[in-house]
Amino acid sequence: MAVDADVVRLRRGDLNALSGLIARYQNRLYRYLLRIVRQPAEAEDLFQQTWLRVVEKIRSFDASRNFDAWLFTLARNLAIDHLRRTRPQSLDEPLANSWHSETVADRIPCKDHTPLDHALAAERRTEISEAMAGLPMMYREVLTLRFEDEMKIEEIAQVTAVPVPTVKSRLRRSLEQLRYALEARYPGGTWQ
Amino acid sequence: MSEHDKIRELLALAAADALTSAEEKQVAEHVRSCIACSNELGAWRPIASELRRLPTPQPSSGLVQATLARAAAKHTEQAEHDWNRRVMIVVVVFAWLLTIASWPVFQVVSGHFGSLLEPQFSHTQFSHTWISFAAFTALGWLAGGVAAVMLAVRQRGERRLA
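From first to last, the protein sequence lines stand for chains S and D.
Taking the numbering used here, the leading residue of the first sequence gets 702, the next gets one more, and so forth.
Taking the numbering used here, the leading residue of the second sequence gets 4, the next gets one more, and so forth.
Think of the hints as simulated: they come from the structure by calculation, not from any bench.
Here the structure is a predicted model, which means the values were calculated and not measured.
A few of these clues could be false.
What the hints assert, rightly or not - Distance condition first, Cα-Cα at most 30 angstroms in a straight line; then the derived DSSO-like pairs of lysine-lysine:
1) D:28 with D:9
2) D:77 with S:758
3) S:758 with S:853
4) D:28 with S:853
5) S:758 with D:9
Generate the whole structure from the sequences, applying the supplied hints.
Here's what the structure looks like:
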């Protein structure tokens with residue numbers, strides 16, 4: 702895997718390379734942190750801490766590894782430490798009321814796309830965003846890494862330090878929970 | 004678990020494009036002949052699609068600049084720390100070399116150098132000489148340590164003021 706030129710320069714001690722890296726990753730990293738901690742001020746502080754950690758640890762970065770995964774792992778560790786200190790319960794949020802995906806699936810009808818769907822897209826995204834924010838941390842994390850950062854399952858496994866089957870299982874459960882939350886907001890599947 | 008149930012469990016992951024090619028093929032074949040699963044997959048797709056289109060939250064405008072400023076300060080601090088560590092290693096090695104080299108000098112100054120070569124040089128004489136030398140060395144190291152601590156305190160004070 703070709704190592705990013707900015708990463709190589711930063712490893713050599715060239716701090717100018719950092720601005721390029723931050724510019725490239727700022728939206729993705731901030732979004733990831735915000736999805737985990739849910740508070741913009743905390744996400745921004747963790748964003749800064751993550752880059753400080755990058756500066757501190759860049760020499761120990763294995764150039765054969767994926768920089769994205771390494772960066773997000775650093776961010777994740779800082780975010781989890783932060784949550785552990787400030788809101789330990791948020792790492793262990795109880796799941797929503799017990800349910801079965803089959804039941805929910807049966808309750809949400811399939812609809813074809815219509816112009817009205819497109820007109821309501823922004824509203825739906827807000828609803829999905831809010832429903833996602835209500836999920837447990839590990840589910841929010843896997844959803845944002847898969848759908849927003851478009852990471853492969855193997856990359857998510859690297860970042861979250863769990864095996865691939867566990868990532869898949871989390872992804873499936875997170876989607877089911879999200880669907881359940883949406884269905885609970887809009888009985889009958891009217892959110893679609 | 005029946006084939007239908009197995010496939011049904013894969014449908015959410017299919018919408019998330021998280022299946023292996025073998026699983027994808029399996030799902031595609033099943034969905035062609037199973038209306039319930041086809042509908043179910045159709046229900047997952049809009050969720051996956053909307054998740055991919057969620058608006059990206061933007062950090063505040065000054066965040067990048069603030070981060071760069073903090074990173075630059077950290078980088079300087081780290082470089083200073085590395086330099087101090089290297090200097091410390093050199094100083095310690097030099098101090099030990101000086102200590103070892105000063106042993107014969109000390110002998111000459113204390114007038115025992117010649118006696119060391121004499122066969123009747125007693126163990127007691129050697130001990131006294133060695134204790135004096137150790138005390139002299141310890142004093143030197145203590146003075147060096149105090150100087151290093153004073154320098155570190157001063158440096159920290161200057162950093163706080165900056």
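Hint-by-hint comparison with the structure:
{"no.": "1", "hint": "D:28 with D:9", "in the structure": "holds, 14 angstroms"}
{"no.": "2", "hint": "D:77 with S:758", "in the structure": "holds, 12 angstroms"}
{"no.": "3", "hint": "S:758 with S:853", "in the structure": "holds, 25 angstroms"}
{"no.": "4", "hint": "D:28 with S:853", "in the structure": "holds, 19 angstroms"}
{"no.": "5", "hint": "S:758 with D:9", "in the structure": "violated, 44 angstroms"}
The structure fails hint 5 only (numbered hints given earlier).
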